[in-house]
Structures are given as C-alpha cells and as structure tokens.
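*Asks:* Line order of the protein sequences matches chains U and F.
This note's numbering puts the first residue of the first sequence at 1104, with every later residue one more than the last.
This note's numbering puts the first residue of the second sequence at 7, with every later residue one more than the last.
The hints are simulated quantities; they were obtained by calculation from the structure and are not laboratory data.
For clarity, every value in this text was computed on a predicted model and none was experimentally measured.
Just so it is clear, CB atoms sit at the ideal spot from N, CA and C, and this is done for glycine as well.
It is possible that part of the hints are untrue.
Label-pair restraints from in silico Cβ distances [claimed, not checked]:
id: 1; chain 1: F; residue 1: N37; chain 2: U; residue 2: T1116; range: 35 to 43 Å
id: 2; chain 1: F; residue 1: F115; chain 2: U; residue 2: G1188; range: 31 to 39 Å
id: 3; chain 1: U; residue 1: G1204; chain 2: F; residue 2: E21; range: 31 to 39 Å
id: 4; chain 1: F; residue 1: D65; chain 2: U; residue 2: G1188; range: 32 to 40 Å
id: 5; chain 1: F; residue 1: K48; chain 2: U; residue 2: T1116; range: 22 to 30 Å
id: 6; chain 1: U; residue 1: N1165; chain 2: F; residue 2: K63; range: 33 to 41 Å
id: 7; chain 1: F; residue 1: T16; chain 2: U; residue 2: G1188; range: 35 to 43 Å
id: 8; chain 1: U; residue 1: N1165; chain 2: F; residue 2: E21; range: 41 to 49 Å
id: 9; chain 1: U; residue 1: T1200; chain 2: F; residue 2: D65; range: 43 to 51 Å
id: 10; chain 1: F; residue 1: G47; chain 2: U; residue 2: A1105; range: 37 to 45 Å
id: 11; chain 1: F; residue 1: G7; chain 2: U; residue 2: S1190; range: 19 to 27 Å
With a cut-off of at most 27 Å between alpha-carbon atoms, the simulated DSSO-like pairs for lysine-lysine come out as follows [claimed, not checked]:
id: 12; chain 1: F; residue 1: K43; chain 2: U; residue 2: K1114
id: 13; chain 1: F; residue 1: K48; chain 2: F; residue 2: K74
id: 14; chain 1: F; residue 1: K48; chain 2: U; residue 2: K1181
id: 15; chain 1: F; residue 1: K48; chain 2: F; residue 2: K28
id: 16; chain 1: F; residue 1: K63; chain 2: F; residue 2: K74
id: 17; chain 1: U; residue 1: K1181; chain 2: U; residue 2: K1114
id: 18; chain 1: F; residue 1: K28; chain 2: F; residue 2: K74
id: 19; chain 1: F; residue 1: K77; chain 2: F; residue 2: K43
id: 20; chain 1: U; residue 1: K1114; chain 2: F; residue 2: K48
Facing chain F, according to a computed beta carbon distance under 7 Å, are these residues of chain U, among others [said to hold, decoys possible]:
id: 21; residue: Q1144
id: 22; residue: G1145
id: 23; residue: F1148
id: 24; residue: Y1151
id: 25; residue: D1159
id: 26; residue: G1188
id: 27; residue: D1189
id: 28; residue: A1191
id: 29; residue: L1194
id: 30; residue: S1201
id: 31; residue: T1203
id: 32; residue: F1208
id: 33; residue: E1210
id: 34; residue: G1211
For reference, the chains in residue letters:
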Amino acid sequence: GAGVSQTPSNKVTEKGKYVELRCDPISGHTALYWYRQSLGQGPEFLIYFQGTGAADDSGLPNDRFFAVRPEGSVSTLKIQRTERGDSAVYLCASSSTSGTGELFFGEGSRLTVL
Amino acid sequence: GENVEQHPSTLSVQEGDSAVIKCTYSDSASNYFPWYKQELGKGPQLIIDIRSNVGEKKDQRIAVTLNKTAKHFSLHITETQPEDSAVYFCAASISDKLIFGTGTRLQVFP
C-alpha cells in the first residue's frame, strides 16, 4: 500500500519568503509527526498531532513555524520569513499509535534557503 | 527533557564481522527504544525495537540489549553484509514522541 507522501521533495527559496510543506500520512494513521534533520544529525522533533489537534508542539523552534492538520489526515508545515538556518530536510512520519509504536517516515522535503 | 547520546559516529567493518552501536538516555521515564536505519535520500525505517520490560531482543542477525539501571541500550549486527551500510539511529520514547540520537554511519567493506 501507499506509504507516507511528502511534497515537494525539494524546495529552494529566498530568505524572507513563506514556505509550505505537505505531508500525506498512511490512511488510518491517527498520529502524525514532523521532524527536522540537518546534515549529519538525527531527526529533531518539531510537533506531534493526534487526530486534528497538536498534542505536543514543544519542538517548534519559534513562532515562524506553524503546522496544521485540519481534517485529521493531511498536514501542512508552514514557515514564515524563512532564514538560512531553516535549511534542512523536513521529515513527516505517521503511526497507528502514539509514542511506543513504529513510525513510518516519508522521504522528506529538502528545504534550501538562499 | 530527554537526551539521547549515540556512539560511535562512524563505524567501518569488514564483511562478516560484527558491529555494535551504543546509546545512552537521560530520562528514566522512557520505556520504548527503537532503532532506525536510514539510507541515502530515504526516510528512517524501523529495524528493531525493545520495550523497558525486556532486557534483550533478537531478530535474525540483529539484536538489541537494554540496561534500564544504567540507562543504556545497544544494537548488535552480526555477519555484516555490504547492504547493511547505512546510517543507524537509536531513539527513546518520552511523552508520546521519539527523541533520536545523532546517528552512526556504518560502512561494511566487501
């Protein structure tokens, strides 16, 4: 069956621009996670949704970052006024449980801020 | 919050040898410890996991051990093959989210 789908796979933008990254989880998975992975580092937790609500957004670095999941399925990560330090691979994962079950990751969206 | 440290950062072995990767965690409330394998350009993929009520788990050539008292856990890969070459991440679960280590780049030479 279909896995986690993320679009775009690559995004190049200029400093100060607004960016949206989309995640389409595995059908039926109620838990959805966003992680950020910088080169040579492990995935860094950003935000976790259980259904439509953000159950934990403690990893969002500042108020330029925001994520939504209005219908409990597709999620969008939104970054305002992008900075060069935002350049990274943004990974989305979904799970049928939360916290203690397998996370199924997408291939990520590589964001480059020039 | 939870902090996960992982060693070594790189590991090179000859095909057929064993590879061991070690992780420590800080929060004693963590109760689930998965290991993920990431190949170039792909997302991480679960290879094995262990829960806090178990000390060891094995799946073919892969095994994981957990010492809750010392707060450390290890991944053991035996009879390594070139296709085992990838980056491996340990993780610890806290408050319904996974905190990942910094990764180990494993290279298996034929």
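*Asks:* Okay, which hints does this one fail, numbers in order?
*Replies:* Numbers 7, 9, 10, 13, 26, 27 and 28, in rising order.
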